[in-house]
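Engineer: Below, each chain spelled out in residue letters.
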Amino acid sequence: MTSRTWILQIAAASAIVLCLNMAVAYCMDPYGVMRDPRGRELRVIFSGRKAKFLLSKHYVPANYDSLIIGPSSSENWDLTAIPGFKIYNESILGANVVEEKSIVDQALSVGHFKLALCIMYPTMTSNHVINDGLDSVSSAEALGSIHLYVHEAVQVLAALHLPVGRLSAPDGATPLKQVPAYFSLVQFDPSYFHLDPVAVESYIDMLGSLRSRGARIVYIIPPLYEPCRALNAVALNDYKQSMQRILPAAPIIDLDGPDFANFRSDASNYLDCFHLTTSGAIKVDKYLTQQIPISLSN
Amino acid sequence: MSFNSFKYILLFLPLVILLVNLARKLPLPRAPQLCILLASIYFYAYAQPAHLAYLLGSIIANWLIARWMGPTEEGPRKRIFLFGIVLNVTFLCLFKYVNFFFSNIPYLVHHHIQLPNLQFPLGISFFTLAQIMYLIECYEEMIPPSSLFDHATFVSFFPYVISGPIPRADRILHQFPALNARTSPSADVIARALYLFSMGLIKKVVLADAFSKAADYGFNSAKNMSAMEGWFFAASYALQLYFDFSGYSDMAIASALMLGVEIPRNFDAPFQSLSIIEFWQRWHITLSQFITTYLYTPILTSFKRATLRNASFATLTAMAIAGLWHGPSWTFVIFGLIHGVALVINQYWKKKKMSAVPDAVGWVLTMAVVAFANVFFRSPTLHFAVGYVSQMFNWHNAFGTANLSAMNGAGLMVGVYLIAQVVGAVLAVAGKSSETLARNFTPTALNAAATVAFTLGALIFLNSSISKPFVYFAF
Numbered sequence: 010m011t012s013r014t015w016i017l018q019i020a021a022a023s024a025i026v027l028c029l030n031m032a033v034a035y036c037m038d039p040y041g042v043m044r045d046p047r048g049r050e051l052r053v054i055f056s057g058r059k060a061k062f063l064l065s066k067h068y069v070p071a072n073y074d075s076l077i078i079g080p081s082s083s084e085n086w087d088l089t090a091i092p093g094f095k096i097y098n099e100s101i102l103g104a105n106v107v108e109e110k111s112i113v114d115q116a117l118s119v120g121h122f123k124l125a126l127c128i129m130y131p132t133m134t135s136n137h138v139i140n141d142g143l144d145s146v147s148s149a150e151a152l153g154s155i156h157l158y159v160h161e162a163v164q165v166l167a168a169l170h171l172p173v174g175r176l177s178a179p180d181g182a183t184p185l186k187q188v189p190a191y192f193s194l195v196q197f198d199p200s201y202f203h204l205d206p207v208a209v210e211s212y213i214d215m216l217g218s219l220r221s222r223g224a225r226i227v228y229i230i231p232p233l234y235e236p237c238r239a240l241n242a243v244a245l246n247d248y249k250q251s252m253q254r255i256l257p258a259a260p261i262i263d264l265d266g267p268d269f270a271n272f273r274s275d276a277s278n279y280l281d282c283f284h285l286t287t288s289g290a291i292k293v294d295k296y297l298t299q300q301i302p303i304s305l306s307n
Numbered sequence: 021m022s023f024n025s026f027k028y029i030l031l032f033l034p035l036v037i038l039l040v041n042l043a044r045k046l047p048l049p050r051a052p053q054l055c056i057l058l059a060s061i062y063f064y065a066y067a068q069p070a071h072l073a074y075l076l077g078s079i080i081a082n083w084l085i086a087r088w089m090g091p092t093e094e095g096p097r098k099r100i101f102l103f104g105i106v107l108n109v110t111f112l113c114l115f116k117y118v119n120f121f122f123s124n125i126p127y128l129v130h131h132h133i134q135l136p137n138l139q140f141p142l143g144i145s146f147f148t149l150a151q152i153m154y155l156i157e158c159y160e161e162m163i164p165p166s167s168l169f170d171h172a173t174f175v176s177f178f179p180y181v182i183s184g185p186i187p188r189a190d191r192i193l194h195q196f197p198a199l200n201a202r203t204s205p206s207a208d209v210i211a212r213a214l215y216l217f218s219m220g221l222i223k224k225v226v227l228a229d230a231f232s233k234a235a236d237y238g239f240n241s242a243k244n245m246s247a248m249e250g251w252f253f254a255a256s257y258a259l260q261l262y263f264d265f266s267g268y269s270d271m272a273i274a275s276a277l278m279l280g281v282e283i284p285r286n287f288d289a290p291f292q293s294l295s296i297i298e299f300w301q302r303w304h305i306t307l308s309q310f311i312t313t314y315l316y317t318p319i320l321t322s323f324k325r326a327t328l329r330n331a332s333f334a335t336l337t338a339m340a341i342a343g344l345w346h347g348p349s350w351t352f353v354i355f356g357l358i359h360g361v362a363l364v365i366n367q368y369w370k371k372k373k374m375s376a377v378p379d380a381v382g383w384v385l386t387m388a389v390v391a392f393a394n395v396f397f398r399s400p401t402l403h404f405a406v407g408y409v410s411q412m413f414n415w416h417n418a419f420g421t422a423n424l425s426a427m428n429g430a431g432l433m434v435g436v437y438l439i440a441q442v443v444g445a446v447l448a449v450a451g452k453s454s455e456t457l458a459r460n461f462t463p464t465a466l467n468a469a470a471t472v473a474f475t476l477g478a479l480i481f482l483n484s485s486i487s488k489p490f491v492y493f494a495f
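Those protein sequence lines, which keep their order, are chains A and B.
In terms of our numbering, the first sequence is residues 10 to 307.
In terms of our numbering, the second sequence is residues 21 to 495.
To be clear, the hints were calculated from the coordinates, so they are not data collected in a lab.
Ideal Cβ positions, reconstructed from N, Cα and C, are used throughout, including at glycine.
Each hint should be verified, as a subset may be incorrect.
Stated by the list, open to error - Over 12 angstroms on every C-beta distance to chain A, these chain B residues come out as not near it, computed from the model:
1. TYR66
2. GLN68
3. GLY95
4. LEU107
5. THR313
6. LYS371
7. ALA380
8. TRP415
Unchecked claim - Ranges between beta-carbon positions, derived for each pair:
9. GLY435/B - LEU240/A: 33 to 41 angstroms
10. GLU210/A - THR317/B: 53 to 61 angstroms
11. GLY435/B - LEU102/A: 16 to 24 angstroms
12. GLN187/A - ASN119/B: 52 to 60 angstroms
13. TYR66/B - VAL207/A: 24 to 32 angstroms
Please model the complete structure; the sequences and the hints are all you need to start from.
Structural biologist: Structure (structure tokens):
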């Protein structure tokens with residue numbers, strides 16, 4: 010073989026592989042960025058951060074009119090039963106508000122929203138570091154990337170009725186891995202409650218953007234397992250009061266309050282101090298499904 | 021602009037190759053070289069346009085000094101030459117070392133005297149060394165002073181201006197007539213370059229970044245690791261550095277080849293070295309040659325006799341300077357000194373004709389020195405490095421593996437990183453160097469498949485936004 014033929018061969022082979030890749034990406038389109046996403050049911054399979062970022066470009070605004078914005082403690086909440094709203098759960102593992110804002114901005118760039126359920130919790134505002142996939146994610150990843158191929162492979166396995174692990178619901182709610190509960194009963198480091206100025210500013214900006222797109226805001230304070238909460242009650246209360254002073258006024262549903270104490274004391278609702286078991290999440294879903302319309306009507 | 025970016029791979033490099041080849045068809049005599057010079061200036065200015073002034077200033081100053089030195093007599097000539105060397109060293113120190121020196125002089129520390137921390141221009145360590153070598157070559161009349169056009173093209177040539185390989189003027193300047201000739205590089209050369217570029221790309225984007233995952237985890241968990249993990253993560257960092265820098269060098273050599281210029285190789289399978297002397301003959305070869313020729317030899321010849329003791333002093337001094345060249349920190353000096361001590365022992369062993377060490381023992385000792393020294397290279401402070409080293413000899417927790425099982429994170433990427441780490445380690449220890457493979461390149465279907473797989477595989481990793489910047493960009 011001559012070198013010229015060799016060069017032509019690699020050019021042709023690269024072109025063929027790229028064309029095949031594009032064809033598969035277009036046909037499967039797991040993030041809804043290449044074809045019309047209306048009416049489709051797309052799920053988060055792997056790398057929830059990137060997946061929700063990409064899904065928020067077209068799929069979320071095309072199919073949903075409301076958002077849950079929070080960290081992993083609200084990742085398995087499913088509020089689709091609330092009448093009058095189609096709610097997508099944008100919660101991601103380990104999120105701070107700067108990361109959440111980058112996801113929400115995708116959806117806001119094309120969509121209008123009726124309701125935003127914003128989690129108010131210290132980890133959302135304690136830092137503004139963007140990491141693990143959200144630091145440099147781009148739309149081009151929907152054309153060819155490791156997580157795209159994993160999504161495609163899982164779609165194929167699911168079509169063949171083979172086991173595929175934990176998938177999110179089409180509305181973004183993702184079941185958490187049901188592991189034996191482990192409670193680390195400690196007083197959190199003061200940095201846990203630190204109000205990072207950049208994060209707080211992002212939170213305020215995000216709320217402003219949501220409101221300018223027609224969304225009503227409801228803050229939700231998630232329920233912390235009572236023995237953990239008791240150890241950190243003072244700092245938590247200070248945090249809540251500070252946030253209420255800083256953030257624009259809006260209804261608050263406080264799952265950290267006395268009404269919800271029985272739930273918080275029941276260890277069977279928790280995987281750890283923050284994350285809910287599936288049964289715990291269902292109870293929260295029911296409670297919020299009743300409370301949110303009441304909060305909005307006040 | 022980084023070599024491992026879509027802008028470089030899919031836009032900048034193909035466009036420059038196209039323009040240079042078009043320029044070859046023009047009746048203008050040196051149009052291809054002009055194209056390369058303009059492309060190099062754009063490439064350099066892309067990240068920090070303000071720093072272009074430093075590069076251009078350094079080029080003009082060194083060109084003037086070489087011209088000035090040219091026709092004068094020996095006495096003034098030597099003074100001009102020494103002035104040029106001092107000027108270059110001062111230029112480098114001004115950006116990299118002044119505050120380091122100040123912070124180590126008790127009187128100045130006491131009075132808090134510091135210059136503003138200047139952000140050092142990209143590639144300053146590399147293009148300053150290249151120009152010091154140029155002045156030496158001119159002074160020793162190995163080459164005549166070149167025109168400003170040639171000198172600027174030589175120094176700013178984009179494949180090596182930021183991170184080497186450090187070129188010698190005589191090896192580059194004589195290629196310019198061929199570069200400006202009407203014939204483009206042959207298909208053989210282009211095929212070899214594509215093959216080498218694909219290997220460099222996969223080394224950087226997949227292998228180096230996989231080892232970086234482990235090394236970063238290890239260095240972030242230094243307080244809680246076992247002795248075995250300490251050595252493992254130090255070795256991971258050594259492999260990260262190797263794949264990162266050799267991958268970069270491969271891409272630099274390949275980029276230059278596509279334009280019809282051959283630049284020197286920088287790595288030759290260093291992790292197969294059986295002694296530390298051999299390691300430095302295979303690791304960052306262009307820097308090693310600079311150290312040997314322009315630091316070690318002058319220091320040694322400054323003594324009346326070349327005794328083993330004098331050679332040891334020259335080695336330690338040269339290696340300490342070479343360590344410091346990497347950055348203004350005692351950690352880099354200690355890194356250089358560790359290698360210096362190992363080299364002295366190796367020299368002593370050879371000179372005294374002591375019994376030969378079995379290959380396996382020699383290899384293990386060499387790798388242990390490399391990994392150990394790299395702890396200082398990677399550590400942000402001397403205090404951190406000492407803490408890390410104490411963990412490497414923590415016999416109370418010698419064989420713990422908790423960090424090893426967590427180093428690659430969670431989920432599917434664990435498998436991807438693990439495969440890359442195993443393949444990388446095997447290639448580093450038992451495989452041929454990519455430069456050797458490229459030199460012996462023959463166009464076969466297997467090579468074609470490998471090139472396509474390496475390139476597309478690396479592009480997928482790049483597009484997954486998990487790639488990291490080159491380590492040597494920091495120097």
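Engineer: Could you run down the list of hints and mark each one as holding or not?
Structural biologist: Now the hints, each set against the structure:
TYR66/B, annotated as away from the interface, keeps every beta carbon of chain A farther than 12 angstroms; the closest lies near 18 angstroms. With a minimum CB-CB distance of about 20 angstroms to chain A, GLN68/B clears the 12 angstroms threshold, and the non-interface call stands. No Cβ of chain A approaches the Cβ of GLY95/B within 12 angstroms, the least distance being about 54 angstroms, so the stated non-interface status holds. For LEU107/B, the requirement that its beta carbon stay farther than 12 angstroms from each beta carbon of chain A is met, with the minimum near 40 angstroms.
The non-interface label for THR313/B is consistent with chain A: the shortest C-beta to C-beta separation is roughly 36 angstroms, beyond 12 angstroms. Look at LYS371/B: its CB is around 48 angstroms from the nearest CB on chain A, clear of 12 angstroms, so calling it non-interface holds up. With a closest Cβ-Cβ approach of about 38 angstroms to chain A, ALA380/B is found to remain outside the 12 angstroms limit, as its non-interface label requires. The beta carbon of TRP415/B sits about 30 angstroms from the closest Cβ of chain A, which is more than 12 angstroms, so the claim that it is off the interface holds.
The hinted window of 33 to 41 angstroms between GLY435/B and LEU240/A holds, with their beta carbons roughly 39 angstroms apart. Separation of GLU210/A from THR317/B is about 59 angstroms and conforms to the stated range, judged on CB atoms against 53 to 61 angstroms. Remark: the range hint 16 to 24 angstroms for GLY435/B to LEU102/A is upheld by a beta-carbon distance near 20 angstroms. Distance hint check for GLN187/A and ASN119/B: the Cβ-Cβ separation is about 55 angstroms, which falls inside the suggested range of 52 to 60 angstroms.
Evaluation of the 24 to 32 angstroms hint for TYR66/B and VAL207/A yields a pass: the beta carbon distance comes to about 28 angstroms.
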